[in-house]
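There are 4 protein chains.
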Amino acid sequence: MNVGIIGLGYWGPNLVRNFLANSDIHSLYGCDMNPARLKFIESKFPSVKLTTKMDELLLNKEIDIIVIATPVQYHYEIAKKALENDKHIWVEKPFTSMSSQAEELIQIAEKRKLTIFVDHTFIYTGAVRKIKELVDKKVLGDVIYFDSVRVNLGLFQHDVNVIWDLACHDLSIMDYLLNNKVVALTANGIANYYEHENIAHLALYFENNCFAHFHVNWTSPVKIRRVLIGGKNKMLLWDDMLPTEKIKVYDAGVEVDSPELVHKILVQYRTGDMHSPKINDTEALALGVKEFLSSINENRRPLTNAYDGLKVVKILEAADLSIKGKGKLIEINGF
Amino acid sequence: MNVGIIGLGYWGPNLVRNFLANSDIHSLYGCDMNPARLKFIESKFPSVKLTTKMDELLLNKEIDIIVIATPVQYHYEIAKKALENDKHIWVEKPFTSMSSQAEELIQIAEKRKLTIFVDHTFIYTGAVRKIKELVDKKVLGDVIYFDSVRVNLGLFQHDVNVIWDLACHDLSIMDYLLNNKVVALTANGIANYYEHENIAHLALYFENNCFAHFHVNWTSPVKIRRVLIGGKNKMLLWDDMLPTEKIKVYDAGVEVDSPELVHKILVQYRTGDMHSPKINDTEALALGVKEFLSSINENRRPLTNAYDGLKVVKILEAADLSIKGKGKLIEINGF
Amino acid sequence: MNVGIIGLGYWGPNLVRNFLANSDIHSLYGCDMNPARLKFIESKFPSVKLTTKMDELLLNKEIDIIVIATPVQYHYEIAKKALENDKHIWVEKPFTSMSSQAEELIQIAEKRKLTIFVDHTFIYTGAVRKIKELVDKKVLGDVIYFDSVRVNLGLFQHDVNVIWDLACHDLSIMDYLLNNKVVALTANGIANYYEHENIAHLALYFENNCFAHFHVNWTSPVKIRRVLIGGKNKMLLWDDMLPTEKIKVYDAGVEVDSPELVHKILVQYRTGDMHSPKINDTEALALGVKEFLSSINENRRPLTNAYDGLKVVKILEAADLSIKGKGKLIEINGF
Amino acid sequence: MNVGIIGLGYWGPNLVRNFLANSDIHSLYGCDMNPARLKFIESKFPSVKLTTKMDELLLNKEIDIIVIATPVQYHYEIAKKALENDKHIWVEKPFTSMSSQAEELIQIAEKRKLTIFVDHTFIYTGAVRKIKELVDKKVLGDVIYFDSVRVNLGLFQHDVNVIWDLACHDLSIMDYLLNNKVVALTANGIANYYEHENIAHLALYFENNCFAHFHVNWTSPVKIRRVLIGGKNKMLLWDDMLPTEKIKVYDAGVEVDSPELVHKILVQYRTGDMHSPKINDTEALALGVKEFLSSINENRRPLTNAYDGLKVVKILEAADLSIKGKGKLIEINGF
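Residue numbers (our numbering), protein chains in the order written: chain U, 672 to 1006; chain R, 672 to 1006; chain P, 672 to 1006; chain V, 672 to 1006.
The hints are simulated quantities; they were obtained by calculation from the structure and are not laboratory data.
Bear in mind the structure is a predicted one, so any value in this text is a computation, not a measurement.
Each hint should be verified, as a subset may be incorrect.
[As the list claims (entries may be wrong)] Here are the simulated lysine-lysine pairs, DSS-like style, with alpha carbons at most 30 Å apart: (1) V:949 / P:894; (2) P:715 / P:809; (3) V:710 / U:961.
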């Protein structure tokens, strides 16, 4: 298959490198409006055919796949044209700026039997796959909370706030790991420097008695990437900043001796051993590329597909509504 | 002065030890309904005069000060009777169960020229005093956010939720450190085991463009005690779980070259040295006792007085209202 | 039984508290030449009978046990007199200043059927007991190295160097955990401030191909307490400065495919899961007191007996010889 | 200038990348006996001219500089031929297998006015340059000890022991930072798997009362890279495994009130603030290449020259002698 990548900014070289390394890929085309980026890619990857004109890729009959790595505001337009020219598409996160755009793209793709892959990269990391395995094997028991912190001194995005930029990752991770149904959401935050929030907190309520919280911040002096998952049996901490022992499973919890007696505090604590499983360190993006190509060949939805992308965009839209209303409760339907 | 301590549970021995160690204290009386606790205190501190009957302290003319360390639901009643018997009072946090009770106690105390001390212990720690010094000296510059996390596998309280138990500390710390005025609040959380929330998130909006967030959890497998304060000049991290280097001041921040150009992302990051000041390690409770006794002698309000206690109770009341409404925005007046 | 404690300095209050708490102890006597220490002990433990005259304890027929917590230079003399007055003895570490003294005390005690307990406290900690369990169960496999670091900004001792003060702990721990036989030793270090070394490194060679190293330092700005034990199957890290997860067992190692091919580097690395077992947190000193009293009642040697104390003193003597010779190899016989 | 790199193994791609990126370099030639490595380099860097025959580089008149990145046993032979063909040379660490070889190469280079650069890469890291600045500015005061730990589950070298592989780095760092003169050395260690030691400890004695220790281990389950430098004024910790705050300067030390009274323990501890300076994160290898090329152009010795390489080889030779004699003291002359 031949691939054309549109947008060769920060993430571009990683996409080029991983598509080039996959033996199913024959030729690779690249496009960016900035000649400096093209020159940079050329110096690193001389085999890539480069252009500043998007249509040279979108209309090229040799190209089977279009990878869209532009700012999110351009995703819909490019994706639509790519699908209409019968290309399978890979779209960087978040899928689109609006859920209605995502829905339209899904319809077009389904009609034309094309594949949409949304690059929720973290789903392909060894850490998330290991946690998924533990959750599915019921090692944690019923999950009662999901708590995520993703803060650092980060690059402000000029078109979206910190939730769209950072929480987007954690929402896709949560959605992949849990089987619980979101019913409502509230978001709070602050915009200290310009119109978009640089700090935000997102709370999700689920159908069963489960709760999730997401804390994101572009203005933290320290970098934190931590997810805490509370299960009835065990609890899990994922600290992505650690070089090793990223996942720790604690044999810890709370035991209620007799439900009706809780008000008498017959709550007991349980602490035990901690176990840190080894994690596969294959590059997530390489696995993502492999899954995308397999899903095309096998004519099936990829693990991170347009519906997953749509779900995340719906939550992001609701978060924007809520944060403008200072934590206004937004009900979520359709999950 | 002679002191009577009512309630000799978990915190009791610390109160006894610190009051005994202060040279201004002549005799110490103790009361608890549980004879086992009295026996325990007797074995450790044989000089304390012990009883199971509260009135033997409240009505004792020899006693100048009543220390109230019972569950919060009994604070108001005992405090009122103590004041009416012309005792100065020391009340554990939170001050009262309702703000109206706090207001009534303030009136009684002012009429009778008695002192009320609310034990917001953290205000007397070396760490908080050092941070206060840095904030007051404008080392951080204008504070734009205050973010606190206090989670662990903790003792469920049978009469209050995790906000009243844990966030109470951080609210008193925030109120002491910042001069910003709270205008509104939202709270979210979940009750997984009984009627009261075991996990909660509290967001505070201030008059100027500042924001605070408090994350508390009784069901975390790991213990975290972290406060992050973002200033326009510098940023500060206080990690109370570290044995040394608890406070780190980062010469880090965000520089906006020209406000009107922000949407063009002329935001620059600044990172520089980190400085960790030495912290005084005098026991906070000893300093609290000293401040209380000095304030009585000098006929002035103590550093942590009834108005501070009232402010915190008002926020806790608002948080309860908000959490029942799943993040309903509650406006705060009167600060 | 009645107990007399001689030497009520830094460690004294812990000894008093733990002997008082043991139900087999009837009366407790204490002695220190410094009246200020007696006053301090009296204020904390009013039931203890105190004196500045050692003989009031050593010659007192009511007393069954003498606890010796003086500087090491006085251990031998006091211990000898106590044994000659038919007392069982508890001696703080290191047992004696010279191995000949230890041997003489052993002879006296055996003749008079008295018990000598040497307070190698760490042997009774939850961490060391858990490691012993893992070593004995062959979880680690054959141990190939033992590496210990114990450094901090510490109190200089005026009569001994840092090896006698700090490495003494780790030598007793190593001797307890390993069954390997020491055959030789070398020590290096430096004395920057006065005649005794403030930094030292001790290397031990064993009969089978095992090696141990001890790094001690009174002049380190950071406090480190770490032991690394390399086994053929698994490897263990004990970090005593951590509040939790002090012990980590790594499924890591080196596999040599075929011994005769090693020079062709068919050495493979193995890394796997990490497991951190829960540790019992009963106070070590309480368990030490219990073991001492049980050993007297059961007429058997305690877990940390005079022979263990003698072994450590012999190594310390050899270390002194070696360090004076700048790492001169000293052969160790008789283990 | 044109450069030929001989040896394109593990470190090869980094050398190619950094020489290519330097604007003073016109053409780059590469050589490796293993065709697979050539193919790998070609795929990454298509502009490099590749060959399996060393002489095509050594005898090529177009080439000004030969970079030697083979196993150490081949350094001398290749370096000699390169110098005899009038090339400047860059040699990976350690410089040579024997000090006599290093001395011979120095003579040849000096006669022919050629430059020898020894790649003690760490000297060009931001961390080491910052520490050098602090030492030179007397921030630490007189240095009394240098303590280094470099352990991990590492690649066994088939021709040298762990000292030649790992301590080599720390010896070059120590030599760069301190101005003290080494007078003697002892080394201890163990070979658990084949003829060469996998664990070793190296102690260095200096002319003035300073001491250095190096701990290296290829069989540690955890990776540690820590240097502790004790000064009379301040103390410094460099933890190279941390992503940020790698260097910490402690205002901590020991004060001796009056030298003649030390035996009375008038030693006082001093603890104060900690400061962590920002570190330049330019890639060390880029700076090394720049220094090498500048030194050729300016006709001067580079910062890491043949004499530095010789010094380290002499210490490594002495360490081998000592370790075979189980810590035998080896005097070091000529520094």
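Does residue 894 (chain P) sit within 30 Å of residue 949 (chain V), going by the straight-line distance between their CA atoms? holds, 23 Å
Pair hint residue 710 (chain V) and residue 961 (chain U), alpha-carbon separation not exceeding 30 Å: Satisfied, since the Cα-Cα distance of roughly 24 Å is no more than 30 Å.
For a C-alpha distance cap of 30 Å, please report whether residue 715 (chain P) and residue 809 (chain P) respect it. With a Cα-Cα distance of about 45 Å, the restraint between residue 715 (chain P) and residue 809 (chain P) is violated, given a limit of 30 Å.
Comparing the model with each earlier hint shows a violation of hint 2 alone; every other hint is respected.
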